[in-house]
Structure formats: C-alpha cells, structure tokens
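Read top to bottom, the protein sequences are chains A and B.
Numbered by the numbering used here, the letters in the first sequence go through residues 1 to 287 in order.
Numbered by the numbering used here, the letters in the second sequence go through residues 1 to 287 in order.
Wrong hints could be hidden among the right ones.
For chains that are exact copies, the list does not tell them apart, and a pair is met inside one copy or across any two.
[Unchecked claim] In silico lysine-lysine, DSS-like type, Cα no more than 25 Å apart, as pairs:
id	residue 1	residue 2
1	K159	K96
2	K96	K167
3	K171	K9
4	K91	K23
5	K269	K168
6	K23	K167
7	K18	K171
8	K18	K167
9	K260	K168
10	K159	K276
11	K269	K96
I should point out that these hints are in silico values taken from the structure, not numbers from a laboratory.
2 protein chains.
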Amino acid sequence: MTLNERIEKALADYLPGKDCLEKRLIDSMEYSLLAGGKRIRPLLVLEFCQLCGGSIEDAVPFACAVEMIHTYSLIHDDLPCMDNDDFRRGKPSNHKVYGEDTALLAGDALQALAFKTATSNITQENAYNTARAVNNLAEYCGANGMVGGQIIDLENEGKSSGIDILKKMDKKKTAAIIKSACEMGCIVAGAGDEDIKRARVFGESIGIAFQIQDDILDVTADQSKLGKPVGSDKENEKSTYVSLLGLEECKSLVESLTAKAIDSLSGFKGDSSALKELALSLSNREY
Amino acid sequence: MTLNERIEKALADYLPGKDCLEKRLIDSMEYSLLAGGKRIRPLLVLEFCQLCGGSIEDAVPFACAVEMIHTYSLIHDDLPCMDNDDFRRGKPSNHKVYGEDTALLAGDALQALAFKTATSNITQENAYNTARAVNNLAEYCGANGMVGGQIIDLENEGKSSGIDILKKMDKKKTAAIIKSACEMGCIVAGAGDEDIKRARVFGESIGIAFQIQDDILDVTADQSKLGKPVGSDKENEKSTYVSLLGLEECKSLVESLTAKAIDSLSGFKGDSSALKELALSLSNREY
C-alpha cells in the first residue's frame, strides 16, 4: 500500500458508522473528507515521523487529524457567510449538496473528530507525545493560527492590503497547519527540540510557497485542471502576492522558499529525499 | 475564591491576548465566553475531580475546555442558518454584534481553544489521563454526541416526532457534554472505571432532566428571568417533552431523574453533598 492509499483507508475508517439517526451528518462529513485532494498535510505527518525514526502506524491518527481540520476549514470557508463558493475541487461545495445547516455541523463535527482521532490509540507509553501533538494542532488551528488567518483575511476584504499584512495572514491561514503537520510528525516520533524546529522551518517555508503558488495559479492555470474558476482573486478585488509583487517576483519567491525548506532538511540524520521531492513537486504544481 | 470565581478567572486567562491582527475574533470569542451563565459543566468537572480525590487545579483546564465547547455550540446554534436567534442570555447573540462570518469563526476558534486548554499543562505524570479526557470530550461533543444531537434536531424540525426520537436527540444534544464534564472530572483524578460509570449515570440523568426542565420553563417561566422569549418552542412547532407528555408528567420525570442522579452518588467514597445540591438546584431552577 502506498502512503496515500494508507491515508485514504484510514480517513474512511475513522468516520463514524452510518447506522444511526445522524446518517445525514456523517454523509456530509464523508462527502468532503473523502473528496480526494493531494493529502499533503497527512503525508507531511507520516514523512516527518518516519524521518525521525517513528513508525507510520503511530503517525496515522495525527495524519488523519490534520486532514480533518483542513477539510472542516474548507467546508466553513465555502459557506455563504464566508467566501460563498459553489464549487470545491470541481464538485459542488458541501452546503450546495447538504444545505448550510448540515454543512456547518459537518465542519464542527470534523473538528471534534480530529481530536478524537488523534487520541484514539493512547497508551501509557505514547500519552505524553500524544498530548503534546494535540496541543500543537489545537494551537495552530485556532485563534492564533488558521482561524486567526481567516479573520485577518475577512478584515482586509475589499481593502488593498500591503505585503506585510498578506504575509502575516498567510503565515496563519495556510502555513500554520502545514507547520503543525510537520511538527506533529516529529513529536509523535519523540524527536528532540532541534528537529522540531527544523520541521517548523520546513513547514512554514513550503506553507508560504504553497500560498504564493496558489496566487500564481489563479492567474496562470488551466481551469479544467484547477477545478475552480481562474481569475477569482482579481474578480474579488483581493490583494494577492501576484497583484502586489508581479508574476516573476512571485515565481522567484516560491523558488527561494522551496530552497530554504529543502535546506532545513539537511540537519536530519535520516533519509529526507521523499520530503525534498514533495517540496519540489509543490513548487512545480499546476493545480 | 469560590469555585465559580475560579472558573470565571480561568476562562478569561485562557483567552488569547488581543494585541494582534485577530483582535476582532478574540473580542467575539470573549463576548460569548464571558457572558456569564451558570457554569454548570465546569462546576461538574471540578466537583467530580474533587470527589475522586483529585485537585481543583488539575481539573481547571478541563472545566474551561467543556465550557468553551458549550459556548461555541451556542454561537453556532444561534446563526441564521440554524435557529436564527437574535438573543442569548438577554443579550444580542454573537452574530448580531460581530456578523455571521466572525461568529462562525469565533465558534470554530473556541472549539480549538478547548482542546488547546485541555492540553495546556501536560506532564509525564498527567499525560495519560489528559489524553483520555481529551478523547472523552472529543467523542461526546462530535458526530455521535452533541453535534449528532443537533442534526437529529434539524431533521425533525416541523415534524411531530415521538418521545423516542426526542429522548435520543436530547441524550446527545444536551446530555452528552454534561456527561463528559462528569466523566472528565473522574478521569483527571485517576478514578477507576466504576466511578467513571457512576459519574456517567449522574451526568446523563441530570442532562435529560435539564432538557425537560428547559421545556417546562419554555411554557411556565417569567420571560425577564429566562432571558429569552417564553413559548418559542410552540411558535417553532417543536415537539417537546411538555407537548408530548404534558406538564405534570414532565415535572415528575425531572424529579425521578434527579433522584436517580443523586442515588448514583452513593457509590463514591468522598463527600458528594455539593453534587447532590447541584442536582437539586437544577431541578428547581426558574431560568
């Protein structure tokens, strides 16, 4: 089984059974959680855990947890009171299929499921690292992390914000849980502070590069590959890296951030070639 | 300091600082989290922890966590796509003050803050019980617990559902996190399975009694004390315990459930008089 197959299977397994009055809710959670996607965040958990000498099996619950957080944030982001997006990954968004009320609750339940999943396999031996990983995820997905980034985004809607605000926003909105994925992989493996710090640099670098690449693709991508309308940032009068810095500067920023990420891997003792490849593939992605 | 004062202080302390771009989000979280309320759930965590020989200080993070979960659920419940309530505890509801988008995010961030708070004080010694308590809270607040109860509620809106559906719904919607509060208190104190089971019976009994009392008060209460309009269930054509069983039968059910809860306390070795009093005061409450 490839790592991606392992992740897909585990995500499906962690969803609650449907033989209950809550079937509609669980259908809605499943619709978004098993909608594919690149599974970058769970892969990062597994790869960093392996790099620090931990086992894939120990990392799987945390890999699934971070993907559940990511998925809930997409469902809530698409709601009419937020971005009001009708499509996500080429499919109708969750609330278009299940209604706003169910979509709201599916997001809420996915966040709870993330923390349930992360603590689904506690032993006396792994409890300390488990609790630390939970704390890490909760910190990076909350008010000073992912959700904090979303409020900064809201606050700056329709304003032409400068590059400083944009950087602060993306560090939280996009990079925070990517960083958490990298750090959790190390924590679960029992890595030391130095390695966790290296993982943080890697996560933050590819996280910001990822967002800049997103802005680039919004201008340059093939809509059929991207699965969402091209040019939506301009239409929404959003300040983006591209609108502020221009396309060429953005491409060179993605390159230098990717180089910084790859450089941070050199301090690890294990084989980091898979993570290097992942960083490169993200910087070259077309969707 | 009374237990209630201890809870109020800790809730305020666990909120993130406001000297940041996310100030509006944190204001919105604070607006609902520090809006008063009876703090029943956190009190249950503290009292059960004490009853099982644990310290108040060890229980405080979990007491705050369960109140954060409760608060986020109220914010999301009041949103226009849910119950569309303009008032909560006599004050404008969160989205009336901060807007739907910020209210949605404040709820999301409060759920994350709950799990961050629960894991804010990890040591090698308390990690195992901490991780178990996190798992308990995540289970009871998610798809098969509180949020599950909310979807059953949505599914049965406008239908005249029978008493069986109503019981299943309230067991999840209202009783689940009350039960979690009781069980977490025991878990944090390192109590055995038998005590945890007793706490579960107590929590479930007062949880359902609480909901029935809510339905009674919706018919009989003084609006100025209740802080929300009286008679709203009837107006929304909701099946309630009162509409299905009548007022007298409901009053007697509250009494017998309260007696069952108090009876479950007799198995504990410690002094459970505070919990007995709490159960009685809930069954006699007027708002």
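Where does the structure disagree with the numbered hints, that is, which hint numbers, in rising order? Result: hints 2, 3, 5, 10, 11 break, sorted rising.
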